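Participant: Spelled out, the chains give:
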Amino acid sequence: MEVGREMFIIEHLPALVIAIPLLAAFIAPLLKRFGKHAVSVWSILNLSIVECLVIVLGYRVIKDGIQSYAIGASIPSLLSPNGLPVRIILEVDAISSFMGLTSISIILLACIYSACFMKKYKSVERYYSLLLLMAAGIMGMAFTGDMFNMFVFLEVLSISSAGLIAFYAYKGEAIEAAFKYLVISSISALMVLFAIALLYGQYGLLNIAALGAAFRFTILDKIALALLVSAFVMKCGAVPLHMWVADAYGEAPAPISASLVVASQISLYALFRICFTLFGLLPAIQIIAWFIILFGLASMFVGVTMAMPQKDIKRLMAYHAISQTGYMLLGVGVGLAVINDINALNAFGIAAMEGGIFHIINHAMYKGLLFLVAGAIIYRTGTKNLNEMGGLGNRMPITAVLFLIGMLSITGLPPFNGFASKLIIYESVFLFNPILSVVAMIVSILTLASFVKVFYSAFTGQEQSKYKDVKEIPAIMLVPLLILAFLIILFGLFPGIILKLLVKPAVQALLDRAGYIGVVV
Amino acid sequence: MNDVSLIVKVVAYILIVPVFIFGSYVILHGHLSPGGGFAGGAILATLVAMLVITFRDDFKENPHEIFSILECIGMIFFILLAFFGLSSSFFHNFLVNLNGLFGKPVHFGVNPGYLNTAGVIPLMNMAVGIEVFSALSLIVLMLSMRYGGERK
Numbered sequence: 011m012e013v014g015r016e017m018f019i020i021e022h023l024p025a026l027v028i029a030i031p032l033l034a035a036f037i038a039p040l041l042k043r044f045g046k047h048a049v050s051v052w053s054i055l056n057l058s059i060v061e062c063l064v065i066v067l068g069y070r071v072i073k074d075g076i077q078s079y080a081i082g083a084s085i086p087s088l089l090s091p092n093g094l095p096v097r098i099i100l101e102v103d104a105i106s107s108f109m110g111l112t113s114i115s116i117i118l119l120a121c122i123y124s125a126c127f128m129k130k131y132k133s134v135e136r137y138y139s140l141l142l143l144m145a146a147g148i149m150g151m152a153f154t155g156d157m158f159n160m161f162v163f164l165e166v167l168s169i170s171s172a173g174l175i176a177f178y179a180y181k182g183e184a185i186e187a188a189f190k191y192l193v194i195s196s197i198s199a200l201m202v203l204f205a206i207a208l209l210y211g212q213y214g215l216l217n218i219a220a221l222g223a224a225f226r227f228t229i230l231d232k233i234a235l236a237l238l239v240s241a242f243v244m245k246c247g248a249v250p251l252h253m254w255v256a257d258a259y260g261e262a263p264a265p266i267s268a269s270l271v272v273a274s275q276i277s278l279y280a281l282f283r284i285c286f287t288l289f290g291l292l293p294a295i296q297i298i299a300w301f302i303i304l305f306g307l308a309s310m311f312v313g314v315t316m317a318m319p320q321k322d323i324k325r326l327m328a329y330h331a332i333s334q335t336g337y338m339l340l341g342v343g344v345g346l347a348v349i350n351d352i353n354a355l356n357a358f359g360i361a362a363m364e365g366g367i368f369h370i371i372n373h374a375m376y377k378g379l380l381f382l383v384a385g386a387i388i389y390r391t392g393t394k395n396l397n398e399m400g401g402l403g404n405r406m407p408i409t410a411v412l413f414l415i416g417m418l419s420i421t422g423l424p425p426f427n428g429f430a431s432k433l434i435i436y437e438s439v440f441l442f443n444p445i446l447s448v449v450a451m452i453v454s455i456l457t458l459a460s461f462v463k464v465f466y467s468a469f470t471g472q473e474q475s476k477y478k479d480v481k482e483i484p485a486i487m488l489v490p491l492l493i494l495a496f497l498i499i500l501f502g503l504f505p506g507i508i509l510k511l512l513v514k515p516a517v518q519a520l521l522d523r524a525g526y527i528g529v530v531v
Numbered sequence: 527m528n529d530v531s532l533i534v535k536v537v538a539y540i541l542i543v544p545v546f547i548f549g550s551y552v553i554l555h556g557h558l559s560p561g562g563g564f565a566g567g568a569i570l571a572t573l574v575a576m577l578v579i580t581f582r583d584d585f586k587e588n589p590h591e592i593f594s595i596l597e598c599i600g601m602i603f604f605i606l607l608a609f610f611g612l613s614s615s616f617f618h619n620f621l622v623n624l625n626g627l628f629g630k631p632v633h634f635g636v637n638p639g640y641l642n643t644a645g646v647i648p649l650m651n652m653a654v655g656i657e658v659f660s661a662l663s664l665i666v667l668m669l670s671m672r673y674g675g676e677r678k
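If you read the sequences in order, they're chains A and B. Heads up, the first sequence is in our numbering, so the first residue is 11 and it goes up one at a time. Heads up, the second sequence is in our numbering, so the first residue is 527 and it goes up one at a time.
Okay, chain B solo, but in the shape it has when bound (with noise of 0.2 Å):
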């Protein structure tokens, strides 16, 4: 089944980076504009979707365990990051307003946005980002690689 055409294969190439940067940026600002870590996570799925419609037959084999560790890493940061707020309370926001890693102190009132600001939710963001990219990813790769399902 060698049907998908040239153009398709280039223009995926081509759309590899813009895809990336614009999912990333999501994620990113999460915590200063919409969307966050779940929409983020699904626009990078859709990278994967669009690599396995278009190279489906390069591949030699599923790789959908690497998916598989990459989204329990994901969650383990997430509940990590509330674990670590437990020197005050379970899911405390540990790092904002201390100058250190998203955490630039903001004054009440109108701002551009500062990216450095936050604390933990950009951090949570992320986390966020990696579980559903990869949990989205892996439910492309099982339903497109015709993934029999579990046996005996």
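Only chain A is shown next, with the shape it has when bound in the complex (with noise of 0.2 Å):
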């Protein structure tokens, strides 16, 4: 009988780990009878179940290979009934899982967080609702196999984010940040399924391994292509389309902000995907690589240097993950630049894709562990302003070094997370075109420098007597940022463990373009 439940567990991973999200999100704003307590207790342990589920998923997608499932047939593995895939497929390969445990451990730090940080708001449940339907919208983003259940995903992580921003309704600023959120979302998901339809179309699939498998790369196609790349672009916040990311990130309550972090990521894993699975062998695959390669650059650009002048420390935060967004975007865009040119790609094509797969789950902790500090700054001061900021060192002498791991993390210093993934970036666009990798180099000096000025303006400096009574943050707000902490130390101090198990089947999986499509078809 164990061994019975054990196996029927494992047979539906794929499904349990979005549908139990889903299901649980519901279910909490019924909880608020029981106490707000009983509400977020209730989605800690959810998210902390379907984290449990993603981690045994996947290792199995690493011992086992792909994992899939098909959503409503009579045996879940029967993928392609009379060789057409007809239902919705489950695909999850390394990357996938990759991008969910980064997700998933991400969120349920924010939640655990927020049991404290949003205690003292009236419908908290509808905003833990909203938190579990966000986590629902990126897992099925990150392992749907399908189009059209990932558009469907997409708009469930955009309206429940949208919520969230606007979460501190009696401000004006979070509904018109949320407002801004909500069109751009709305502009990219119509054009994600725009370009659907044109695949569908044309195949009449649906199906992502089985389009890549039937492409001819008509002119539709490149449209479709061109759609896609740009809807996904505008939804991780890269530069031409970054207006909504400060607005988003800076006015949402700070744990949301974090998860904005990841929600962001998984558009970026979507554009990869698309990129890599669906139009890998398309002959113009440079061009596209060379935009987004300059999309990376110029939101690594222009976002440090937007976040130079601000005061606002959230908004500040957030011009920074427009920045580090570069980043990833730059790795894998020079991986596929490359991709049909196998020497160069042995040579530095796949180093530069680690570099950006290791920096989104990097990213993720030290964006994640930054916005989760100033979230205990404005808990303990109550104003979000640097200016009025000063001293807080002595006071709150934790959070100062939890800040000041966060801030030489994404500064790129050794030894923490930041600096491996980083240094891989350099060394291996170096090789590409050496004035990337410069440009590279000078964003991560002027990150250094923009974050000095915070640490300076909020830590250090003289002592203010209307921040007397500020004490250290509760203990539960706490854990969440001391495991951020101990994860930055423990990645940047052995990279290369992290590389071999998380990092290099993940970028394998994204090169592995016919054993995506070979599960399938």
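Simulated from the structure, these hints should not be mistaken for lab results.
Which chain B residues stay away from chain A? Per the calculated CB distances, all over 10 Å, these:
hint, residue
1, 561
2, 627
3, 640
With a Cα cut of at most 20 Å, we get these calculated EDC-like pairs of lysine to aspartate or glutamate:
hint, chain 1, residue 1, chain 2, residue 2
4, A, 394, A, 322
5, A, 42, B, 591
6, A, 514, A, 74
7, A, 463, A, 322
8, A, 46, B, 591
9, A, 463, A, 473
10, A, 132, B, 591
11, A, 321, A, 257
12, A, 476, A, 322
Estimated spans, in silico, between C-beta atoms of each pair:
hint, chain 1, residue 1, chain 2, residue 2, range
13, A, 230, B, 595, 45 to 53 Å
14, B, 547, A, 47, 43 to 51 Å
15, B, 642, A, 87, 26 to 34 Å
16, B, 589, A, 484, 32 to 40 Å
17, A, 47, B, 529, 41 to 49 Å
These numbers were taken from a predicted model, which means no experiment stands behind them. Using N, Cα and C, we set each Cβ at its ideal position, and we do this for glycine too.
These two chains come separately, so use the hints to put the complex back together.
Facilitator: See the structure below:
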């Protein structure tokens, strides 16, 4: 019996990681009558279960190869009856489980943090409901193998995120930020839908793997590619369309800002999935790759220069998030540019992609840490303005040290994890084009300059009389921060192990186009 | 503000039954004819919109709480139906062709449309109907009652 139940869960793993947060999201508001704590405990419990399931799923992907699941079939493994994938198929490979693991870990930690941070607000049950829906959307986008399903989860993610950004609805700015986010999301979702229509009209297929096998690279396919790339670049907050990021990250509650980082990164995953799996054999993929590289460069540079003059601590960090997204686009873009040149790919392309993918998990961790620390400062002082802070280092020493860890990591100093991924990106991109690498390094220095300002104005300097009573944050809020700081140092000290365990399989999965397609067709 | 005339109120009373029946019809025949849970739920929500416009002044308090709960129940019902299919796979249609509830087997070819078919699809239509009805009603109520939004 025990063995049977284990097998049952393992067989249905890909569906369960999406279904559990979805069900939990709608049960959460009903738990309000048992008190606010019931809702937060319920959310943390469910997210922990999902986290465990994702880890098991990832282990099985590494051990047994790609896991697939046909929704609604009489047997989950019945993917293509009569040779056609008629059902929605979930397909989990190493890169999907890498993204799923990164996202759910950050959301779980944000949820633990929220248990204390959001306690004083009314109607937190809706907050947790939306947070769980966001988790479901992210999991769905990471694990689906179906274009239309991806669109649906993109919408779930966008709408729940917009609701969460607008949580401080008594502030006009939050509503404005949510509205901006909603407009950008709707436009990008419409572009994705139109691209899907173009593909479906030609091939009659929605499954990503089957589409990849059937591709003929007509002019309509190229239009679809352009639409998909611009939509996902818009959603991940790269530069020409970055204006929503600063508002949304800046105005949302701090744990939501941390979760929004992974929500943007899942669009990055969708972009990579489209470029590599669907369009990997397109002869003109270099042009798209150069566009991605240029978006990355622009994001890095504009993001960091816009961050320099900011006075609002979360807005400043939001601009840095844009800048860091650039590194990921740069790394993976270089890999995409040489995808059809096997020598260059082996010489530096794979390394560049490893750097970019490694930077995703690193960025999720240190930016999550920084946003949560910013939330801690706001929680105690009630202000986001850097000019009004000062001397908090004496009052909140642990927070100050945690901020320092996050700051040194984002600027790419050893021995923190940002250094590991940035070094890989610098070295490999230098072989591709030295100028790109130089820009990346200059951006890192500017990042350091900007964060030194934050540290100086918030934690050092003269102690202000109005912050006499400021204390260290409660223990339950410190726990997620300490976990993140521990992971940052761990990843920084042993980057080789993490690369071998998590990143290299993910990059191989992204490059293994035939393997992904072969599961279905 | 008591300017809603008696005629409007009486017509609203009369319309309650036909609108309710039409909405329920669209939901229940979702698997046979155009429409379904979403369209039927929206039709039912127009009922609430009509009542809100007509009898707004008679409400003592905003009944949005009940719709909030109903909305969750609709969604939970929908997802649980998907979970019940887990004996085969998530979202598996476990009621179809079993001669039970909505389980009448249908032969290939033209038929006049049998209500008692399609397995879990009519049940999911009902769940979506409840969800859309309560969510749209909630929106109408929130807009009409000048609900002030969240405060600290």
